[in-house]
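Novice: In order, the protein sequences belong to chains V and P. Residue 1 is where the first sequence starts when you use the numbering used here, and the numbers rise one by one after that. Residue 1 is where the second sequence starts when you use the numbering used here, and the numbers rise one by one after that.
Rather than coming from a laboratory, the hints here were simulated on the basis of the structure. Incorrect hints may have been included.
Because identical chains share one entry, a pair is satisfied inside a single copy or across any pair of copies.
[To be verified] In silico lysine to any residue, SDA-like type, Cα no more than 20 Å apart, as pairs:
1) K25 to P193
2) K25 to I139
3) K172 to T211
4) K25 to T51
5) K31 to D53
6) K122 to R212
7) K192 to A168
8) K172 to E17
9) K82 to E92
2 protein chains.
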Amino acid sequence: MHLFYQPDAGAFPFLSEEESRHCVKTLRLTKGDSIDVTDGRGSRYKSVIETADPRRCTFRIQETTTEIPRPYRIHLAVAPTKNSDRIEWLVEKTVELGIDHLSFFVSKHSERRLLKIDRLEKIAVAAMKQSLQLFLPVIDPLLDFASVLTQPADQRFIAHLPEDGSAAPLWKSARPGGTTLVLIGPEGDFAKPELDSALSSGFSMATLGATRLRTETAALAACHTLHLINTI
Amino acid sequence: MHLFYQPDAGAFPFLSEEESRHCVKTLRLTKGDSIDVTDGRGSRYKSVIETADPRRCTFRIQETTTEIPRPYRIHLAVAPTKNSDRIEWLVEKTVELGIDHLSFFVSKHSERRLLKIDRLEKIAVAAMKQSLQLFLPVIDPLLDFASVLTQPADQRFIAHLPEDGSAAPLWKSARPGGTTLVLIGPEGDFAKPELDSALSSGFSMATLGATRLRTETAALAACHTLHLINTI
């Protein structure tokens, strides 16, 4: 079954121009074909195509079901990598694994201070559809480091391996349930003042693995680790 | 400290042309600078550059240390994706997370039946160096499905979500230690006969997450899951 995204499907039963093109041109779906449409907030609209218009494909909703959200929320805040492909991979992969909230922040050692959020949102939508999920994560615009520290969460971690190795793995320190926020630093790691202000703001240092991970790999490892902790 | 790769560093204390260029041209290292060299089998040669030749950089080994391998081995066998970027990403990321053995196989639904193994090996070397590891994984050439089933392992899993949902997560069924082999199928999933022959060859079905994962994401999830199981 093909899944399409229309945030207001209930009120406006037609697909955006992009989704219409994908549905009618790429997938060659036509009038009378069944499709699933999601609003990205947990609703699935089992529908039938009414007008297979490649610019405005309309559908008739036959059944609406709603999925209950996970009993835990994963929020990653990441210092974007210099290479934009790696940020896009990060978005695609964390959405595939399942993520609720993605923030990006400018760090002292960040080499990138601009982000194409609309491009990242498109990638998130594609990954949500591809992995057949009904929840689209919130993606924040680029924040400054201070505002990342004030993001609400039940547990807060900053991914960092101190030289004396004195940090517990996220794996052992995170508890199931609630909202877990993990900060992932830039290629050059966090600056000492950033680390200090995070610790004094109630964040705990956590390691994500035995090896030195790139930013985008660290984000994936954190996301997958939190899912496993919550499915024990 | 910069880490370089020379499989026969003990016998031949000089870098390959590619490593020499990276060392002398890119990193601008020169005579007298300290470098670490690994043979990809656990040895670290703390060395000093003798001749900063961009074609054949020689070094003098000052100290040799050997790292003990992990007490468990991760072997993933993957049906390569149609898109070669995704395979390369899979290699980079699993090496970063730490992997011992990567095999690729042709599956009934594989869209790719050719692989540039030398290119994948280059990516593995770069990822090993970047993540400061001393062990380079074995990467097999493309195998047929039958020979994948005969690969030696203490635990064997095939990543698959049956329609009746009757498969345990890898996370719950894998035990720590030994060699764990996980088969990851192609975009179109395994063909029924492949699944059947795997099951009759002693493989157990295992799921890797709650969502439908792309081949390369599944490989990463399997790799990270096995590390966590072994660090409990």
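Novice: Each hint should be assessed against the structure and marked as holding or not.
Specialist: Hints, one by one, checked against the model:
no. : hint         : result
1   : K25 to P193  : neither (53 Å within a copy, 34 Å between copies)
2   : K25 to I139  : neither (29 Å within a copy, 40 Å between copies)
3   : K172 to T211 : within (16 Å within a copy, 24 Å between copies)
4   : K25 to T51   : within (13 Å within a copy, 61 Å between copies)
5   : K31 to D53   : within (9 Å within a copy, 68 Å between copies)
6   : K122 to R212 : between (30 Å within a copy, 19 Å between copies)
7   : K192 to A168 : within (19 Å within a copy, 43 Å between copies)
8   : K172 to E17  : neither (46 Å within a copy, 44 Å between copies)
9   : K82 to E92   : both (17 Å within a copy, 17 Å between copies)
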